[in-house]
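Engineer: Residue-level listing of the chains:
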Amino acid sequence: MLAMDSRLLSRQSAVRSSSMTNEINHSQLCQWLNAIALDRDKAAFTALFRFFAPKIHAIAYGKLNSEALASEVVQDTMSKVWRKAHLFDDSKGAVTTWVYTIMRNVTFDFLRKMKANKEDNLSDDIWPLAEPLSSEEESFKDHLQNRNLQGVLATLPESQQQVVKGFYFLEMSQEQLATHLNLPLGTIKSRLRLALGKLKTKLGENND
Amino acid sequence: MIKHHPKFELLKSFVEGDLPASLAAGVAIHADFCSICQQHIDLLTEQVAEMSFEQQATDKLFIDDQRQSYPPASAHLDDMIAQITASDALASTQRTAAPVTMSFKGTQYQLPNALRNMSLGKIAQIGKLSRARVQLDEGKIHTSLLHIAAGGSIPEHTHKGFELTLLLAGSFADAAGEYVPGDFIMLDQRHQHQPATEAGCLCYTVVNDALHFTQGINKMLNPIGSFIY
Chain U
1 MLAMDSRLLS RQSAVRSSSM TNEINHSQLC QWLNAIALDR DKAAFTALFR
51 FFAPKIHAIA YGKLNSEALA SEVVQDTMSK VWRKAHLFDD SKGAVTTWVY
101 TIMRNVTFDF LRKMKANKED NLSDDIWPLA EPLSSEEESF KDHLQNRNLQ
151 GVLATLPESQ QQVVKGFYFL EMSQEQLATH LNLPLGTIKS RLRLALGKLK
201 TKLGENND
Chain L
1 MIKHHPKFEL LKSFVEGDLP ASLAAGVAIH ADFCSICQQH IDLLTEQVAE
51 MSFEQQATDK LFIDDQRQSY PPASAHLDDM IAQITASDAL ASTQRTAAPV
101 TMSFKGTQYQ LPNALRNMSL GKIAQIGKLS RARVQLDEGK IHTSLLHIAA
151 GGSIPEHTHK GFELTLLLAG SFADAAGEYV PGDFIMLDQR HQHQPATEAG
201 CLCYTVVNDA LHFTQGINKM LNPIGSFIY
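Quick mapping for you: the protein sequence lines, in order, are chains U and L. Just so you know, the UniProt record's numbering puts 199 at position 199 of the first sequence, and the rest follows in order with no gaps. Just so you know, the UniProt record's numbering puts 195 at position 195 of the second sequence, and the rest follows in order with no gaps.
In short, the hints are calculated from the structure, not lab data. Take the hints with a grain of salt, since some may be wrong.
[To be verified] Think about it this way: if two alpha-carbon atoms lie no more than 20 Å apart in a straight line, the pair counts; the simulated DMTMM-like pairs of lysine to aspartate or glutamate are:
#1 U:K118 with L:D78
#2 U:K118 with L:D42
#3 L:K140 with L:D18
#4 U:K92 with L:E50
#5 U:K118 with L:E50
#6 U:K80 with L:E138
#7 L:K160 with L:E178
#8 U:K115 with L:D18
#9 U:K42 with L:E16
#10 U:K63 with L:E16
#11 U:K63 with U:D76
#12 L:K160 with L:E138
#13 U:K63 with L:D18
#14 U:K92 with L:D42
#15 U:K189 with U:E158
[What the hints assert, rightly or not] Take a look, some chain L residues computed to stay more than 10 Å from chain U by CB distance:
#16 H4
#17 A21
#18 A25
#19 Q39
#20 F53
#21 T101
#22 M102
#23 S103
#24 R116
#25 L129
#26 G152
#27 S153
#28 I228
Quick reminder that beta carbons are idealized off the backbone N, C-alpha and C, glycines included.
Chain U with its partners taken away, still in its complex shape (with noise of 0.2 Å):
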């Protein structure tokens, strides 16, 4: 538990650092946004949420003029975050990208229902958050025809497929496919997690 906060410090630090130059660190947001979704990982959940959180805030603000609204809005989106996490593709853009969708969507809700009254939700309708599902499950389709494993692998980002074919094809460890890459561990591990997940869901969806 140490070792994890005194890494958090570390983490938030490195972020902060950055903003000196003005700069996002896209790769630490990601590797939280990763372990929010594999591992529910609550310290990296408090540090992308110590991140985004005083901005989305000015920017609700800003469009909303109150205090409690751009709060609520904070409360929104960092909940979507949390709970879609799972469903963020880092080969599909950046993190700051799909918060923004979701902050954006969030906020244009809240705007409906103060100036038209209405709470039909319509923002989700309207910018679609990117979902790798559905995309890949139609690209997916059409490996039916070829039912092996490479044909469903060549669905997996490629950043997924590196690790995946580094490692069960070319027999690596994850330490090799580390320094061969040039990656974190901890990244190398989070992928192949990932795309196992899919390749399972995917080779069961095969034999149905």
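Fit chain L to the given chain U structure using the hints.
Structural biologist: Structure of chain L alone, referenced to chain U:
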């Protein structure tokens, strides 16, 4: 080929969530037809997101002492985090809602996904024109699905505000040429036009003021103007 696209400013407001639902849905529907605009939107979203979450842009207000000045108080934030993470429920992965269809003059049309949860009024008809209101309650901005049966037209008119016509199915033509599904035609009061369709068409329209018919005898049709508006 689609020739009429939303202007850059409109795409930007769309990405920033600043358009009324009627126009936002219009841009979204167009982007479903138009991969070029979809790419612009994706790129813009990425840029706007990046700018929104850069530290300096928004943190200036809070950076002096984040804990004190970021409302609400820090203890409240911890509560919020605890409350959010207390639930382990995952959001479902699938949007399962079936596509909505609507029938005009015996032809069944599948409506765009952006309209899926909008409430639609009953179809009203005058001659070859059929109209269903999209009930968005946006004050002066009125949104409709407008069907023009084969051989029908709308008399030459102008309008005081803007008029968005987004062709969903079929085709029509006016003095400026032929239009295909996906064409996003935004007109303002400087324009006059007289759309006519040979084979029939379905349009999504957003108008923020009554139409005004300009030609001789057609002035008597101005009640139709309020029908279409």
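Engineer: Now look at each hint and say whether the structure bears it out.
Structural biologist: The hints, checked one at a time:
1. U:K118 with L:D78: The given pair, whose Cα atoms are some 31 Å apart, is violated under the 20 Å limit.
2. U:K118 with L:D42: The hint is violated at about 28 Å.
3. L:K140 with L:D18: holds, 17 Å
4. U:K92 with L:E50: Distance of about 15 Å is within 20 Å: holds.
5. U:K118 with L:E50: The given pair, whose Cα atoms are some 30 Å apart, is violated under the 20 Å limit.
6. U:K80 with L:E138: Violated, because 28 Å separates the two Cα atoms, which is more than 20 Å.
7. L:K160 with L:E178: violated, 24 Å
8. U:K115 with L:D18: holds, 12 Å
9. U:K42 with L:E16: This hinted pair is violated, its Cα atoms lying about 30 Å apart.
10. U:K63 with L:E16: holds, 11 Å
11. U:K63 with U:D76: holds, 16 Å
12. L:K160 with L:E138: This hinted pair holds, its Cα atoms lying about 17 Å apart.
13. U:K63 with L:D18: Distance of about 9 Å is within 20 Å: holds.
14. U:K92 with L:D42: holds, 10 Å
15. U:K189 with U:E158: holds, 15 Å
16. H4: Since the minimum Cβ distance to chain U is about 20 Å, H4 (chain L) lies beyond 10 Å and the statement holds.
17. A21: violated, 5 Å
18. A25: The claim breaks: A25 (chain L) does not keep its Cβ more than 10 Å from every Cβ of chain U (closest is about 6 Å).
19. Q39: Check passes; 13 Å lies beyond 10 Å.
20. F53: violated, 5 Å
21. T101: Non-interface label stands for T101 (chain L): nearest chain U Cβ at 16 Å, farther than 10 Å.
22. M102: holds, 16 Å
23. S103: holds, 21 Å
24. R116: Per Cβ check, R116 (chain L) is inside 10 Å of chain U; nearest 5 Å; violated.
25. L129: Holds, since 26 Å exceeds 10 Å.
26. G152: holds, 30 Å
27. S153: The claim holds: S153 (chain L) sits with its nearest Cβ about 31 Å from chain U, beyond 10 Å.
28. I228: holds, 22 Å
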